[in-house]
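For reference, the chains in residue letters:
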Amino acid sequence: MYHAETPEGFSRMQNVQEQVVAILAEQAVMEPSEVSPEATLEELGIDSLGLVEAIFAIEEAFDIQVPFNANAPEESGFDISSVKSIVRAVEGLIETAQT
Amino acid sequence: MRRVVITGQGAVSALGMDASATMEGLREGRLGISSLDIPDVERLSIRIGGQIHDYTPEEHFTRQELVLFDRATQFAMLAAREAMAQSGLAVSSENASRIGVVLGTAAGGLHTLDDSYRAVYEAGRNRVHPFVVPRLMNNAAASHISMTYGIEGPGFTVATACASSNHAMGQAFHMIRSGMCDAILTGGSESMLVFGGIKAWEGLRVMSQDACRPFSKTRNGMVQGEGAAIFVFEEYESARARGADILAEVLGFAMTSDAGDIVMPNRDGAARAMRGALKDAGIDADSVGYINAHGTGTTANDKTEVAAIREVFGPHADSLLVSSTKSMHGHLIGGTGAVELLACIMALRDGIIAPTIGYEEPDPECNLDVVPNVAREASVDVALSNAFAFGGMNAVLALRAI
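In order, the protein sequence lines correspond to chains A and B. When we follow the numbering used here, the leftmost residue of the first sequence carries the number 1, and every step to the right adds one. When we follow the numbering used here, the leftmost residue of the second sequence carries the number 1, and every step to the right adds one.
A few of these clues could be false.
Claimed, not checked - Quick look at which bits of chain A chain B covers, simulated, 3 or more residues with Cβ under 8 Å:
1. 50 to 63
2. 70 to 78
Stated by the list, open to error - Subject to a maximum C-alpha distance of 20 Å in a straight line, what follows is the list of computed SDA-like cross-link-like pairs (lysine to any residue):
3. 199(B) x 116(B)
4. 217(B) x 72(A)
5. 199(B) x 52(A)
These aren't lab readings, by the way, just hints derived from the structure by calculation. In this text, a Cβ means the ideal position worked out from N, Cα and C, and glycines have one as well.
Just chain B, with the same shape it has in the complex (with noise of 0.2 Å):
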């Protein structure tokens, strides 16, 4: 069977403006949280997030670009670039149609729909912007980065709400896996910190009015972030032979469906999806060292997540090292597998556990060794990321060292 690697990274979250910069602050345990700079905030009562600040669009594209990309689409692209940068795959006529596309996002274009919703409603303007269906459509940022890049194998979005960007990846790793494509640049991307965006959250009414603090006993919601991550997923033996820099393997994947309610977690599901993905990788729960949390900070989730961690890996369980980075850069929501991802490589490359920060207080029912606040220096050979939607829809990605 063909074996897949990660050749390329590149991101954009609260924590930075690329991977390294994302990877550090992670590191360090930063809060990338903040005081929501949006128009109307006085409004909502949800008034924190980990929004990006201090960004220019102006700086990073051009006028022509600019009418076509979405926030969201921007963020994707400013992440491939990096991730084609440090890959150096070089697309030509012989393999374009061997490379592919495949993101993940939950909402798509939503600052387009929000700020041509204002013209039109609260406005009362008479027209919006020519370019607004090929800004908001969920498809646009894979669609400019087969554009940009000369790509012309299989390209797609996927949309399962929080696990989007896993599903996204997923499909990359079996399509490489499988012999249908050579390469594929994946991950998503997200920006739902608009007015409409919050307001929407706000009405499920689980969504922490102060922090992020996932697994601790005090913990009262989620808190939103927006931004992007993409990678260069490759076959292994061409990424070798062309020396590319290996970050780590994909070893494997796997979805499951609740078949429950709307928006409940359920612990059956979870755990399907975890020894799914144990079993597609070829390994026994033991190997496993570390593992990417979906850890939203709401009571049902984080206690969900660990029962379902401690059925599937019984007295490995306490073995394992577990964190949600959520805690840091925010809820992600379509784009948060694909950052998170970026933890999950720091602990097979560096050897560093990204901490859950933001933890006061153990709970019963969380009692996993969640790497409280501060980062921690680990030698993990197996890594687990976990998403969990709202739909009940489950993917989960194992990574190895390489």
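Chain A with its partners taken away, still in its complex shape (with noise of 0.2 Å):
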């Protein structure tokens, strides 16, 4: 379980930002520190094709299952709405993996 309050679930909740910004940073071809947790995937230029690409890199790198369809992204319960939002869901989903 990974807990926010917690000093040792801040560090682990703060390595998965690290690590989901790095994933969408390498699709961006942009350097991690340029990524900003507001940005849309529009805004950082990744295409459809970029964000499944980054969807299986997230699963490879935090042994999940990420529910997202192509053809309903809304329905997918995985928000892919900004940076932020995916950190987020890709949070949830770990949790939800430990239980």
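Both chains come to you apart, so use the hints to assemble them.
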């Protein structure tokens, strides 16, 4: 279990954010420091293929299943509206996978 | 210019083990998509498909044949057998070199590949069956058809993903029209419903977990199928001279490339292919009554295809009947255009338009008459069959009633 309230949990969550940002930065061909948490995928220049590859990298990095269907993104329960929302969704999936 | 007609048809699909059973399924709007019955299905997130169940290869082929026939080849052989019997085309030493075989497939012998990888990687075995190469090669089915019927003219297999069969049949049509051949067995075959095949498709995240609902607002992806369809295309005068039963005339064909995205469909490429087929056929857009759509049930394909149809047909688009039979038999990938040609023949010959089943809710971006859920009677003179492949390669056929 990751709990943001504990120091250990906090650093692990920070690590999730760093890793997700690094994965998205690689797709966007940018430095991780250039990826703002508020940025949308469109702003980062990540297209549908880039997104699918990023989700694959996320699944591999955290050993989770991301329920994402490109035909119905809004119904997938995986919010891709910004970098921040993706980080949150990944955190949620990690929590679920641990319980 | 020489005219080209269809004098034989054969098919196997999730709707039935021959062309008439498949067409009956299309008429009834029957769902051929079911739970996949394959090893390791529990490790897949996609667990449905237009799989052919209750099929025993040993009932159709000898042991000697089966060591050389991948499942995809078996389906092609069954369809060819039916098409040749119906056509009555006799291959002799006089005409053998004037007859060809041109097929489409995307994945060839994928069962053979999957089984052999399991043997060497998973089971750690150090040898595979000696015929792995001739079983898995993409041209295996075309070769075995040529050998079985003594066909000595041009023979080859084309691979353009989901447009493979349409490219194959288009080539066959032009080769007869131009005088290169007098008859060609053509169509396509596919069987990708194995663990590795589905796993690969899962990765693209365009597959539906529950149903194929083309043009419906509620659509959420494609569903794969398997099977084959083979037709005898023949020069009109010689077909008539031998008293063959003519099913339909092949009137036009065109192919285009999007030169755009490797997976996203493109309205302009699709529109140019349809327009090209009409031009090749020498007919006006207004003469078309039915379009068998590519209609995969993905968000992107269906709205792009409808926009392309509206662009080509203008106001006449509202008079067209447009359906996607993938909702019933699934997407046969390289074999899909061949099985779907049956829906065109049914429209032209029987006046019955196969429905788009699974249709739940109108989508303003797919606002054509998609013949929802129930087949319809209509008199159709010209039908188009669309195929728009990954890689942006498009192939459209035009058929006419005769």
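Verification of the hints:
1. Here's how the stretch 50 to 63 of chain A fares: 3 of its residues keep a CB closer than 8 Å to some CB of chain B, so the rule of at least three is met and the hint holds.
2. Look at the stretch 70 to 78 of chain A against chain B: 4 of its residues bring a Cβ nearer than 8 Å to a Cβ of that chain, three or more, so the hint holds.
3. The hinted pair formed by residue 199(B) and residue 116(B) meets the criterion: a straight-line CA distance of about 16 Å does not exceed 20 Å.
4. In summary, the hint linking residue 217(B) to residue 72(A) is supported, as the alpha carbons are separated by about 10 Å, within the 20 Å threshold.
5. Between the alpha carbons of residue 199(B) and residue 52(A) the distance comes to roughly 14 Å, so the proposed pair stays at or under 20 Å and holds.
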